[in-house]
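Number of protein chains: 2
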Amino acid sequence: MEKIKRNERLGAMTRILTETPNRIHTLGEFCDLFGAAKSTISEDIDIVAASFSRFDLGRIETVAGAAGGVRYRAIPSRERSSRILSSLAERLSQPGRMLPGGFLYTSDITAESSTAQQMGEILAARYYDRQPHFVLTMETKGIPIALMTAKMLDVPLVIARRDSRAYEGSAVKINYIAGGGNERIETMALARRAVSAGQRALIIDDFMKGGGTLQGMVDMMREFQAEVVGVGVMIATAQPQVKRVAGVRSLLVLEGFDQTTGSAIVKPSKEYL
Amino acid sequence: MEKIKRNERLGAMTRILTETPNRIHTLGEFCDLFGAAKSTISEDIDIVAASFSRFDLGRIETVAGAAGGVRYRAIPSRERSSRILSSLAERLSQPGRMLPGGFLYTSDITAESSTAQQMGEILAARYYDRQPHFVLTMETKGIPIALMTAKMLDVPLVIARRDSRAYEGSAVKINYIAGGGNERIETMALARRAVSAGQRALIIDDFMKGGGTLQGMVDMMREFQAEVVGVGVMIATAQPQVKRVAGVRSLLVLEGFDQTTGSAIVKPSKEYL
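Chains as they are written, first to last, in my numbering: chain A, 598 to 870; chain B, 598 to 870.
Since the hints were made in silico from the structure, they are not lab data. All C-beta atoms, glycine included, are put in the ideal place defined by N, C-alpha and C.
With the Cβ distance kept under 8 Å, some of the chain A side facing chain B (calculated, not the full set):
{"no.": "1", "residue": "Gly608"}
{"no.": "2", "residue": "Arg612"}
{"no.": "3", "residue": "Ser710"}
Required output: the full structure, derived from the provided sequences and hints.
See below:
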């Protein structure tokens, strides 16, 4: 086949690697695509990796061994994560987001694909080493962030429902206690075929107050004999300090509301300050 | 600043452009980042554009005028779209996906981020010229595909709910007729602040049988005085032939079920065959 010049290879290779985060591509795949030798492809990879590192665009990593190759992981630097979360905290602190009952209006932000992707990159970065088989969330508002986290990890998303719908087949149903101050029993359902025993689950949601919904998801995973390897949320409230689920990692903290201006007081979690 | 070599620029530039589909970046942005002249950056762009075109990786387009610059659009070729949809139709036609009541189990596939992204790319490609301000979907299963479509168009996602939740503030509620054979009245709610009068909406959902839910979304947009510029779904059933909403574009068609094997008969829509 016709030889492709380095200049032409670099853009295509970058696109292919970043399109499939955390997926290992063999050098042979690129050799075939570009009609180039392994040593040449190796040099290309080094160039892209150096450029990504220089401009804080994530990591291009070489993986040794029989199943080895090269992969892209969208791991943002601490500075980049802090910058993203500070700017998000500022947007969430703008007046007019306070809703009756101490709730915060976030639907416009959680459903922004670019914001969901940034949150997914920061969340996923913390769980690569736990190698989850899937990301679990509960409908509805956490789905965009959970989907982007799953994308960065290259694993499927699994969505627990409020009720089992006809079109999902047989389902496991559990009850859980929802709603911080206003506690009530709710039902959560998950299609039986969605999860297999022994799989590792990463639980992701948009918001945690008391942690009841997260506890429900943890209980649900026990029903499926799946192991929970992490729990991450976009925003956790400062109060109550003790949550139903321990060890939850949150990107932002909702400290309360300024009752005179109606503004929320939102800050990045300590580790991102 | 130190000059960055072309080899280093190409990977970083590709990453920045493909990270933000449909967003225009000025040449000046890259000149500043790389310490290079406009003519040099222009040549870089031509190289990346040629490479994307050669390997069917979407389009790098130069936009002229005062608000001009360069943008990436993930427009797959017809061949690539056909290949993706054929392979998806094949997966959906595997035995064991038939559920009671003539439903098809698709949750595992709709929640795969890579599949959702491919669907989003193919759907978005058809609506760039309609310039929607946002993508509207109804919870839950359509959210991943709608989010990826919104990402490709660089617009927000708006999610209609089954009931108005406390944490979304004041909402508009409408009734709609759901469920092909088993018709019933359902409620759909959308936060009042989610949409402004005069905006253009692109409606995206995962599945259409009678079209009742889509009709509900069209009605909801009328309540908000928003204009519907397109309606797209992943799968439409062949029967009933007449749907409540006209002009819906579907990627796949569910022709029926083979009752002996329990397999669905799913094919790409005519235009992708």
